[in-house]
Amino acid sequence: MFQPGELMVYGTTGVCRVEEVTRLPGGDRKRQYYLLRPLWQEGVIYAPVDSEKVPMRPVITREEAESLIDQMPGMQTVAYRGTTVQALAQQYQAAFREGSHQDLIGMMKAIYLKRGQAEAKNRRLGVVDERYMKQAERLLYGELAIALGLPYDEVEDYITSRLDRAEDSAGA
Numbered sequence: 003m004f005q006p007g008e009l010m011v012y013g014t015t016g017v018c019r020v021e022e023v024t025r026l027p028g029g030d031r032k033r034q035y036y037l038l039r040p041l042w043q044e045g046v047i048y049a050p051v052d053s054e055k056v057p058m059r060p061v062i063t064r065e066e067a068e069s070l071i072d073q074m075p076g077m078q079t080v081a082y083r084g085t086t087v088q089a090l091a092q093q094y095q096a097a098f099r100e101g102s103h104q105d106l107i108g109m110m111k112a113i114y115l116k117r118g119q120a121e122a123k124n125r126r127l128g129v130v131d132e133r134y135m136k137q138a139e140r141l142l143y144g145e146l147a148i149a150l151g152l153p154y155d156e157v158e159d160y161i162t163s164r165l166d167r168a169e170d171s172a173g174a
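Just add 2 to the spot in the sequence shown (first one is 1) and you have this note's numbering.
Certain hints may be false.
Capping the alpha-carbon separation at 30 Å, the derived lysine-lysine pairs in DSBU-like fashion look like this [stated by the list, open to error]:
1. Lys32 / Lys116
2. Lys123 / Lys111
3. Lys136 / Lys116
4. Lys111 / Lys136
5. Lys136 / Lys123
6. Lys55 / Lys32
7. Lys123 / Lys55
Calculated directly from the structure, the hints in this document are not laboratory data.
Required output: the full structure, derived from the provided sequences and hints.
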């Protein structure tokens, strides 16, 4: 059980601070809820402590974050293509349901490739791709920011510089 003040990853919301463990007024007096405050968006969430519908887990450690970044170049990219906008959105939603860092990174890499292909044809990336890319970045970068002790807006540059250094080391 998470304690007040602790940080956790709550489903597709991302990193949240546990404000308190409470019971809902007028609700089931036996069931406990986390009062969560998302770090990267507005609002509060009441989440059942014993929820099996929405995954809750601790934020990864700094060592796990560094290892994850080191593994990024070798992670597989899965092609996300749909015959309809709805089919494409369903593929992306499935990757979010899996909830693994590898799935998020694979999806982000695929969307980066799609963006490059679109730009090569003087086109823009589709709205669905853009929306899920932003959501994946918010989830991944938000957790990495906490794990690495960095401001959120510095995470992407940190990843890029770390991967560039690794590439330079491998080429030397």
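Can you list which hints this structure breaks, lowest number first?
-> 1 and 7
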